[in-house]
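Colleague: In case you want the letters, here they are:
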Amino acid sequence: MESTTVAPPSGVGARQMRLEDPGLLTGRDRFTSDLDIPGALHAVFVRSPVAHARVVSVDTTAATAADGVVAVLTHKDVDVPRVFFPTFGELIDDAYHRVPLASETVRFVGDIVAVVVAETITQAHDAAELVEVDYDALEVVVDPVAATAPDAPLLFPGTGTNLAVDIPFEAGTRAPDAPVQVHQRVAHPRMAVVPMEPLAIAAVPGDGEKLTLWCSTQMPHVTQGLMALWLKMDPADLRVACPSVGGGFGGKTPAEPDYVLVAAIARHLRRPVRWTQSRSENLLTMQARGHLFDVTLEATRDGRVTSIRSEGLTDVGGYPGLGIGMAMTARGLMTGCYDIPHASHVVRCVATNTSPTVPFRGAGRPEAIHALERTMDRLAAELDIDPAEIRRRNFVPVEKFPYTSVMGTEYDSADFEKTLDEALRLADYEGLRAEQAERRASGDEVALGIGISTYVEVSAGSPGMTGDYASVEVSEDGWATVVAGTSAHGQGHWTVYAQVVSDRMGIPAEKVRFVQSDTDTVPRGMGTSGSRSLQLGGTAVRLAADEVVEQAKEVAAHLLEASPEDIEIVPGVGLGVRGVPHRTLEWGELAAAVADDARRPPQLAPRLFADPGFEQGGGTSPFGCHIAIVEVDLQTGMTTLRRFVAVDDCGVVVNPLLADGQVHGGLAAGIGQVLFEYSAFDDEGNPTTTSFADYGMPSAADLISYDTAHTVTPTTRNPLGAKGLGEAGTTGSIAAVHNAVMDALRPHGIDHIDLPLTPMRVWQALQDRES
Amino acid sequence: MTPAPFTYYRPTSVADAISLLTEHGDEAKLIAGGHSLLPIMKLRFAAPEVLIDLGGIDDLDHIRVEGDEIAIGALARHVDLELSDLLRAEAPLLAHTAGVVGDCQIRHRGTFGGSVAHGDPSADLPASLMALRGTIVVEGPGGRRSIAVDDFYTGFLETALEPDELVVELRVPRVGDAPWGYQKFRRRGIDWAIVGVAYQSEPGAGGIGLVNMGPTTLRASASEAALRSGASHDEVAALAAEGTSPVGDGAGSSEYRRHLARVLLSRALAGRSTT
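In the order they appear, the protein sequences are chains A and B.
Count the first sequence with our numbering and you get residues 1 to 771, in order.
Count the second sequence with our numbering and you get residues 1 to 275, in order.
Simulated from the structure, these hints should not be mistaken for laboratory data.
Computed from a predicted model, the values in this text were never measured in an experiment.
By construction, the Cβ of each residue, glycine as well, lies at the ideal position given by its N, Cα and C atoms.
Treat the hints with care, as some may be off.
Here are some chain B residues pointing at chain A (derived, C-beta under 10 Å) [said to hold, decoys possible]: (1) Arg44; (2) Pro48; (3) Glu255.
With the Cβ distance kept under 7 Å, some of the chain B side facing chain A (calculated, not the full set) [stated by the list, open to error]: (4) Met1; (5) Thr2; (6) Arg187; (7) Arg188; (8) Ile190; (9) Gly248; (10) Gly252; (11) Tyr256; (12) Val263.
Required output: the full structure, derived from the provided sequences and hints.
Modeller: Structure, rendered in structure tokens:
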């Protein structure tokens, strides 16, 4: 069910090609590391090769004397602030807050102990090898469960525990004596975020206290605020600006500890300093996920879930911080699409001697849905009810929306049966089950598996981030300029915002300029994360466009001597008088007229400009159903994805082409997590997946053409009717693929294998079963 | 990352390359396609003081018939093997194997000689060279000599090459359309083999090469003997891991690799190849 709206060529609903692509594909656009910054020095970090140790001494003598070296700095040389994110930092003991340049203790492989600053990047690398650090090893704890033991080595001895967060929750009424109970432990392993462009920054001091940070981030304004807070600067002195940004996926939200360090060093040296993260550093330090869920479902004999009790143990690495957010978000979605009257959950976050974690696509949403949907399949198996049917029996009924779950999470609108039915139809679910039965009966060595996942999530719902800024202005050349507070880094905001302008103003998308991601030119903004941008930024564009149209109508009415009510948009031209085809004024003429004191209606300002902004007040709830069809080679354990059906409902789709792109990318991340990817450490805390040789990043060669479709359940929370879609593909797909492999293996007596489902793990499970 | 500093030479003849090798000895590394060497240099796991680039030698990438054999220049790139009509007709196992190495970019840079000389047991092409009972022609200050593939690999990343020798040519028998199979089992479409098996039915009773089943490319000797004695394919496959010593790592335990060798040989014997 594609949206069937008849759209203008570049309006809402059109498969408009991306306006961003010519600049990116021809190499014209520039990224932070491409910028020409006169006189800039290059920083290289000296990182700890051991996971937990006291730093006895740092000898910088030889490095300081090396060619081109300007400074070799340790915590004794430069004042680096403690970095914590106010929202989550306040949940934990101050002792956990990280100083990005370590002093007496290092807590993970990669912790920074010194920074070499040199004239060239090669000189900095060469000198970094000459820094001699003497470490006195401390006992290491890597496993999150072991880290909670009473006798575990402590990362922050002053706190008396590694459990930085331990928050119980219970709500609703638990029915006594549930006839059926299933329990499943679901590991949701560490991943690397892997944006195509790693972190990059150039910190450029200006006059007085002024500082410009060119950097690769998803949130320029938030970065400005936090950096100013941490560096004790007046935000007005700090400019944060992004050239093109090559992906983020949550790993660039918002201000990295590395950026604080580079900024502090540039201020200390009073010279421009730049730093570009290497791919190895990126794989090592931009990690996410890392949860262990214990889920218990209680149900009636006919499969109605009466209670969910769950506990999460989240490994937040060497410095508990932003990673806590994912555990909190996961809690809110633990009941998923289901109308469950009782729930309890414990959020526990534990420090270990591994890389600190950051958000990654979905940021808590895929974690919860994965744990829940995996356990729903266990319940279906326990009761011998079809996995589609057991979900249907428990869905929140459509008449209950807006609905507040027992977890306290509000879903504004949804129709879960609609997406389930459409996905079953597209997949030919009945036919697949028949094929599966035949193949099982014939003893096929290649087992067919069908996995279903139904999901719901909340987009644009983070407290303090439920609104955004945009302005629209028409200039005398007839072009519109959109200035947006969101910060695209691959999504295509220019394109979709131009479509909204086109839709509301009749100006072709190709005549829309776009300004974003610079605190000097964008008055305010919350950046891009959590599937928020189109619904908030796009709506802000729409409201601004509508105001500009009203202004322009007054100008046109004044000039054409007509009533404003008789003025209408003439697409591709400008404004005209209804019913009088040739009485039109082009947008450029209208802009010129309003700037002219002689022709401007007295009540108007001299610009066709508006920036009312938009505050949604809360989130919206995208939802959908994903079905994965896999084949598992029982001889080798290799899983091959045969088909993937994704039916997503994000309300009104503004650009089906970009929507497909979001779904495809989201699915690739989810499929990757199930079949290929995980960040691993050995018992000593040494990372073992620090290059793409070991870290199983999939490529197009590992993926397939997906069957994607949308149902349309518009939200009433914004006039576009749009919900988020950037994370939905990941949120739905992890459990779908995981369930599919388990469905294939169930006749062989296997109930569960933890991710990732590498061929060896699957084969090992089959071996263990046989012996 | 950037590599540590090194001195770069680009000789235009094999003789010049040999004299540079003789002059710089252990401090020098030869570079052809660079797809094994450059990544480890950029990570600074390797820091040779001298690089001798063979790319300036322009008459070392031939693929031609010489009597009963196909002679292949050491600088022929994987893609040259993959797309050679001659090789596809005369030694299709080798052409096919070249097509499953790395990705498109790697196949356009990497060379057959480089892959063979690197001595990495996880490489695909040496296993097919093993199955075909090929010959490695090397040249040093004293001239050329031929080394049978069975005598070439002496240890992990170690070969019978003297420090002042380089690989100049690889020779394989013309086997035409005799049955063959190549099985590359990998986690991702573009990846090293966890285990690979190359099978070629001719000449004689044929040969079987193994990828990643020990410190070097290995011959499945027990399976070959069974094949010669007329054993069934199932019996032959069951012996695939005899005498091997695969290491265990994140991609596969040694037990899993032994199991895979048996399964993959059974598929290769049936003429099935991965693409």
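Colleague: Sort out which numbered hints this structure fails and list those numbers smallest first.
Modeller: Hints 2 and 9 not satisfied by this model.
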